[in-house]
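Taking this note's numbering, I'd label the letters of the sequence shown as residues 1 to 251.
Source of the hints: derived by calculation from the structure; they are not laboratory data. Possibly wrong hints are sitting among the right ones.
Stated by the list, open to error - Think about it this way: if two alpha-carbon atoms lie no more than 27 Å apart in a straight line, the pair counts; the simulated DSS-like pairs of lysine-lysine are: (1) Lys78 <-> Lys145; (2) Lys21 <-> Lys145; (3) Lys84 <-> Lys21; (4) Lys237 <-> Lys138; (5) Lys138 <-> Lys24; (6) Lys154 <-> Lys238; (7) Lys29 <-> Lys84; (8) Lys248 <-> Lys154; (9) Lys237 <-> Lys87; (10) Lys237 <-> Lys84.
What the hints assert, rightly or not - Estimated spans, in silico, between C-beta atoms of each pair: (11) Thr9 <-> Met208: 34 to 40 Å; (12) Lys84 <-> Gln149: 20 to 26 Å; (13) Glu150 <-> Gln178: 21 to 27 Å; (14) Arg243 <-> Asn146: 41 to 47 Å; (15) Ile33 <-> Ile100: 36 to 42 Å; (16) Arg162 <-> Leu42: 41 to 47 Å.
For every residue, glycine included, the Cβ atom is placed at its ideal position computed from N, Cα and C.
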Amino acid sequence: MSILTLSLTTILVFIALIISKTQKIQLEKDIIIGVIRATLQLSFIGIVLTYIFSAANWLITTILLLVMIFNASQIAAKRGGRIKGGKLTAFISIFMGASITIMILVLTKAISYHPSEVIPVSGMIVGNAMVALGLTFKQLHQNFKNKYQEVEIKLSLGATERSASIDLIRDSIRTGMQPTVDAMQTLGIVQLPGMMTGLILAGLSPVMAIRYQIMVTFMLLSTVAIATFIGTLISYKKYFNDRRQLNKSMI
1 MSILTLSLTT ILVFIALIIS KTQKIQLEKD IIIGVIRATL QLSFIGIVLT YIFSAANWLI
61 TTILLLVMIF NASQIAAKRG GRIKGGKLTA FISIFMGASI TIMILVLTKA ISYHPSEVIP
121 VSGMIVGNAM VALGLTFKQL HQNFKNKYQE VEIKLSLGAT ERSASIDLIR DSIRTGMQPT
181 VDAMQTLGIV QLPGMMTGLI LAGLSPVMAI RYQIMVTFML LSTVAIATFI GTLISYKKYF
241 NDRRQLNKSM I
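Could you put together the complete structure from these sequences and hints?
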């Protein structure tokens, strides 16, 4: 794609601006800022990735992966409300989900630990884990806020913190995983995923593109499941004090 062709696609942006202006949605400023930021950020990361890909250094690749996980954990933790240590919990959860998934992909030779393969895959993995964990944190906090009396009754009857909270934990994990599961069920019927479309546009055969997309689907499911599971197991304990009572200040 030439620069001229790319420039002409800004017509699509003007369509959005016209709709926003004529319908008085008042998003014109946000759209313009978003377009400028997206263009500059993607151009910058393109230059950075060109250097990283040419260097092919495993240490640089690992550092970049950790930076991605760190940034994602900061965003996911914001959904956690008053969960203590939410940022650290989010980092551990996303790190474990991404690390285990990438390790399996490398060991099975689905990908190699080369920046041109690991970084794009990691971006998808970390991004989806971030969204799923954010939803999980938000749902967990909402569950404890709405059902704290139910938890207190179970505790008074001798239940442990885990058994008193198990329904809330399961519901939170389900909430985090549901979008990924729903998306998986509609692949090829309702939508053609971006990665698959990109590979086909790049000249790869549809059959090979589908194989890669199936791999991506599996890895996203794995990462989201691990991240939400670990995130809730760590976070629910923060809602109790040392005397095995609900910490009302968290709700």
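Structure-based check of each hint:
With a C-alpha separation of about 17 Å, the suggested pairing of Lys78 with Lys145 holds against the 27 Å cut-off. Distance restraint check for Lys21 and Lys145: the Cα-Cα separation of roughly 40 Å exceeds the 27 Å cut-off, and the hinted pair is therefore not satisfied. The suggested pairing of Lys84 with Lys21 is violated, with an alpha-carbon distance near 43 Å, which exceeds 27 Å. Annotation: proposed proximity of Lys237 to Lys138 holds, straight-line Cα distance about 15 Å (limit 27 Å).
Between the alpha carbons of Lys138 and Lys24 the distance comes to roughly 32 Å, so the proposed pair goes past 27 Å and is violated. Restraint check for Lys154 and Lys238: satisfied, since their Cα atoms lie roughly 17 Å apart, inside the 27 Å limit. A C-alpha spacing of about 36 Å is found between Lys29 and Lys84, which places the hinted pair above 27 Å, so the restraint is violated. Distance check on the hinted pair: Lys248 and Lys154 sit about 16 Å apart at the alpha-carbon level, within 27 Å; holds.
Using a Cα cut-off of 27 Å, the hinted pair Lys237 and Lys87 holds, with the two alpha carbons roughly 15 Å apart. Restraint check: the Cα-Cα separation between Lys237 and Lys84 comes to about 10 Å, which is no more than 27 Å; the hinted pair holds. For the pair Thr9 and Met208, the supplied restraint of 34 to 40 Å is violated, since their beta-carbon distance comes to about 27 Å. A beta carbon spacing of about 22 Å between Lys84 and Gln149 agrees with the range 20 to 26 Å that was offered as a hint.
Separated by about 22 Å at the C-beta atoms, Glu150 and Gln178 satisfy the suggested range of 21 to 27 Å. For the hinted restraint 41 to 47 Å between Arg243 and Asn146, the CB-CB distance of approximately 23 Å leaves it violated. Evaluation of the 36 to 42 Å hint for Ile33 and Ile100 yields a pass: the beta carbon distance comes to about 37 Å. At about 44 Å, the CB distance of Arg162 to Leu42 agrees with the hint of 41 to 47 Å.
In terms of the numbered hints stated before, the structure departs from hints 2, 3, 5, 7, 11 and 14, listed from lowest to highest.
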